[in-house]
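Going line by line, the protein sequences match chains E and R. Residue numbers 1 to 118, in our numbering, belong to the letters of the first sequence in order. Residue numbers 1 to 900, in our numbering, belong to the letters of the second sequence in order.
Some hints here could point you the wrong way.
To be verified - Here are the simulated SDA-like cross-link-like pairs (lysine to any residue), alpha carbons at most 25 Å apart as the crow flies:
id, chain 1, residue 1, chain 2, residue 2
1, E, Lys-76, R, Ala-20
2, R, Lys-106, E, Ala-96
3, E, Lys-39, R, Lys-106
4, E, Lys-39, R, Arg-805
5, E, Lys-76, R, Phe-366
6, E, Lys-39, E, Ala-96
7, E, Lys-39, R, Asp-3
8, E, Lys-76, R, Arg-805
9, E, Lys-39, R, Glu-48
10, R, Lys-106, R, Ser-388
11, E, Lys-103, E, Thr-113
What the hints contain is simulated information worked out from the structure, not anything from laboratory work.
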Amino acid sequence: MVMPPIDRVLDRELKKGSAELMVLSIIGNGSRHGYEIAKLIESRSHGELRFHVASLYPLLYRLEERGWLQGRWVEKAGERRRRFYTLTAEGRRELARQRNAWKAFVRSMSLVTGVDHA
Amino acid sequence: MPDWVVHLRLRLERLRLDPAREAEIIEEMSQHLDARFEELRARGATEEEAERVALGELSEPEELARRMRPLRQAQAPSHHVPGAPGGSLLGDLWQDVRHAIRTFSKQPAFAAAVVLTLGLGIGTTTAMFSVVHGVLLEPLEFPESERIVALYHDGMLASQPTVMNHGPATYFTYRDNQQTFEDLGAWERTDVAITGAGEPERVPALAVTDGTLPVLGITPALGRFFSPDEDVPGSPLTLVLTHGYWLRRFGGAADVIGRSVQVDGEPATIIGVLPASFRFPRAPADVLLPLQPDRADAGSASFGFQVVGRLRPDVTLTEAIVDVRRIIPILEEAAPSAAFFQLQPNLYPLIRYASSDIGGTLWILFATAGIVLVIACANVANLFLVRSEGRQRELAVRTVIGAGRGRLARALLTESIVLGLAGGATGIVFAAAGTALLRRIAPATLPRVEEIGVDPQVLLFTLLVSLFASLLFGLIPVSRLGAPSSASLKDGGRGASAGPARLRVRNVLAVAEVAMAFVLLVVSGLMVRTSVAMRQVSPGFTEPENVQTLRVDVPEAFWDDEQGMIRIHQQIGERLAAVPGVRSVGIAYSVTMDGEDNMNPFLVESEEPCSESCYRFRRFKTAGPGHFSTVGNPLVAGRDITWDDIFEARRVVVITDALARELWGDAREALGQRVKPYGDDRPWYEVIGVVGDERDDGLDQPATGILYWPLLNDIGFTPSMLVYSIRSERVGEPGFVRELDEAVWSVNPDLPVSDVRTLDEIRAQSMASTSFAMVMLTIAAGIALLLAVVGVYSVIAYVAAQRTREVGIRIALGAEVGNVRAMFLRYGLGLTAVGIVVGIGGAALLTRILSALLYGVSPTDAVTYLAVSAVLVAAALLATSLPVRRASRVDPVIAMRAEG
């Protein structure tokens with residue numbers, strides 16, 4: 001997939017981009033199901049950031065349609081089946097790209113605003 | 001736990017999601033909401049609060065749809081068909097098919113088991129249908145063949161109702177007076193010696209009148225057919241070649257027309273060649289020659305050939321029958337002796353003649369194939385039931401998101417049909433292999449074998465059978481579709497649906513499979529017993545594998561009088577006896593079961609004085625010295641015919657024991673009695689010998705009463721074509737037949753030798769229909785047994801798996817493993833026992849139809865029933881033992897954890 005130039009990503013969908021980056025980062029550490037993803041984002045942000053059903057799943061499905069994630073139903077004995085999401089190779093490259101873009105963005109913001117980001 | 005499905009469904013319904021995908025999304029989001037709900041409850045919220053918060057997080061109804069709408073999966077192409085009410089039928093169907101294929105690609109083992117089982121059932125049915133279709137149903141290869149009719153009579157012969165054919169009297173009278181046929185033609189099978197075109201040979205031939213080939217609607221590939229002038233006795237002989245013979249003997253030469261060959265020593269001109277497609281039913285022939293019936297013989301009734309007619313286009317068979325009935329009084333005026341036979345018209349389509357009397361056997365075989373198919377369907381229905389239990393949850397989700405029962409039933413049926421069609425395709429592969437095998441093992445008595453195969457009509461049949469089978473096994477899971485239960489959407493829902501009703505259906509299916517397998521096994525068992533019984537019958541010869549037979553004709557051109565003709569035969573016999581390794585040689589008009597069935601009337605002196613009607617009708621043959629001892633039929637009383645008897649024209653006759661018993665009660669009583677052929681001023685012949693019984697009409701028929709006249713006699717029955725039987729240990733040795741041929745040709749190189757076969761081959765051929773039916777039924781029964789074993793196995797395995805926990809507890813509580821095993825064995829054997837009882841009923845019904853095929857065994861033969869029951873019980877033990885062993889090894893701890 002050909003990505004638009006970074007400046008346009010920054011310009012257009014900053015919020016959306018950050019959400020994508022969060023999800024990709026969480027899954028980058030191993031396959032997770034939807035509820036786990038929501039809970040991990042919540043706990044890592046110390047309760048600051050929350051994803052609900054109506055926002056999380058459309059995002060997961062969009063990333064899946066882009067070929068960055070793959071969802072798979074997994075059955076375990078005695079439990080109901082669950083859909084686990086894993087990063088694809090493409091998703092892994094995208095995660096690296098977005099991390100770099102985010103770093104560049106944060107660097108620029110701190111230079112401009114004088115707010116030093118930890 | 002709250003039911004989220006309605007809320008989710010409400011939010012998703014405006015999107016054009018694929019229903020399956022929608023179900024997945026609802027399932028996934030429901031789980032999320034469940035988890036959120038639990039979390040809130042754990043933090044101390046009440047159920048109402050927790051539900052309200054979770055639903056609040058689901059946000060405004062439009063929110064989810066708004067976020068989802070840009071996704072590709074929300075843009076599923078619309079399948080709306082203009083004008084279709086509401087939903088789109090075709091679109092839904094295509095969706096169902098795709099969904100089914102996707103589902104099965106994820107369950108390859110299940111799909112393979114179903115496709116293979118169905119393939120066996122459909123393949124068996126298709127193979128048998130291709131036989132029924134090719135032999136019984138496919139129209140004959142003549143233009144508008146449905147208008148071609150075989151004409152026979154129902155008549156009385158020696159106070160026995162008999163089907164009678166035609167002679168000059170009926171042929172000429174009918175042809176002259178009929179008003180319903182385009183024309184009539186007579187025909188008769190024969191064989192002729194062809195010389196003057198390479199090695200002399202006897203070939204099968206068809207004698208026809210000038211009308212026969214036009215009645216069949218055939219046009220020549222080359223030259224022309226017989227003219228009315230050529231069909232008159234005494235006119236120069238003409239010959240029409242079949243396409244195959246023309247290629248084989250004349251290399252397909254175009255200039256064959258006008259060439260001359262010798263037919264039975266008489267010159268004949270080749271006038272035409274038949275098209276390659278020509279096949280006369282049940283009468284394979286190399287050449288056709290004019291029948292030349294004599295109008296001078298039309299004054300008295302006789303019966304020696306067959307007649308076919310082509311109905312006029314607007315005439316029905318019934319009208320033709322009325323027409324013949326009208327002509328019979330005219331016939332009785334022209335030939336007064338016809339009245340004696342009380343003739344009634346017996347007309348039917350030629351295709352019925354073509355399929356002969358094997359029709360009954362074939363329909364029975366077809367029916368058994370149908371039973372195999374039903375068993376296969378029962379098995380598949382069972383597999384579907386197990387599977388449908390595993391997917392209660394999915395079905396419930398699909399119901400709740402708005403798929404109505406009808407829509408869901410259709411989706412389930414589509415799955416069945418997809419598998420059914422795959423099974424059908426597999427079945428065609430099996431059937432193609434099956435028909436190839438069938439054509440190889442088919443008996444010579446099976447007509448139209450060359451038309452058996454997988455053609456478009458057979459494929460259409462397979463398609464219909466596949467759809468039918470799909471409905472049969474597909475309707476069972478559909479009928480189990482209950483009202484949507486949100487219970488099955490919840491945790492543990494998957495295991496909660498194995499109700500007793502479901503198990504009952506599976507039990508019934510297993511019992512039905514056992515019952516049907518029982519029926520097929522009994523049927524094939526009875527055929528095996530029939531075959532054994534027939535093998536034990538003494539046919540009228542012994543050690544048949546050591547007796548070579550061959551037919552030699554001494555054409556009229558080679559002799560001046562009958563005595564000279566018989567002397568040539570005597571000489572041939574001596575030359576044959578001189579071949580190294582030959583122990584003895586016999587000469588006769590025919591050997592047992594070789595198909596010669598020449599019946600004639602005769603009178604018995606001890607029954608005189610006697611009116612005309614008290615003659616008897618029995619088989620006539622002629623014999624020379626050594627015939628009986630060579631074939632191994634012992635003299636029961638008296639002596640054999642000698643050469644002196646023959647050449648001194650002594651009026652002596654040898655009869656079979658069956659006839660002696662019938663006439664005089666005992667063989668010894670027969671000696672010295674006198675008989676004579678029916679007719680004016682025929683002399684009396686003295687019975688000098690009685691030989692053992694012959695099963696001349698087939699091993700499954702009663703012994704035939706036969707009169708053996710001397711090779712030379714003054715009753716007008718001195719055939720020039722005789723059968724030699726040669727007993728030798730060298731029979732079957734390569735080159736032996738060639739030495740016999742050369743011994744014959746050392747008398748005259750132009751003597752045609754034909755019908756070279758051993759007595760054993762003749763016997764095998766007489767058993768061919770029985771052997772064929774036996775092999776086919778045994779194959780069908782074998783498949784049925786296999787499927788039934790799988791059926792019982794799957795029920796027991798299922799029950800064992802269902803009760804793993806119970807078994808674990810029992811063992812934990814100290815139950816003996818042996819007791820646990822016994823529990824399942826009882827279950828398996830119980831199913832089998834019920835199946836056998838039901839099967840006995842079914843077999844009793846079916847075998848009544850079957851009894852026509854049986855010989856020497858009762859349709860309710862206890863030995864067969866017991867043996868089959870034993871086989872089924874053994875099979876059931878086998879089918880039960882595997883899951884039982886698994887169940888009894890259950891570790892109680894694991895078993896209890898599994899569902900705890």
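* Asked: What hint numbers does the structure not satisfy?
  -> The structure breaks hints 2, 3, 4, 5; every other hint is satisfied.
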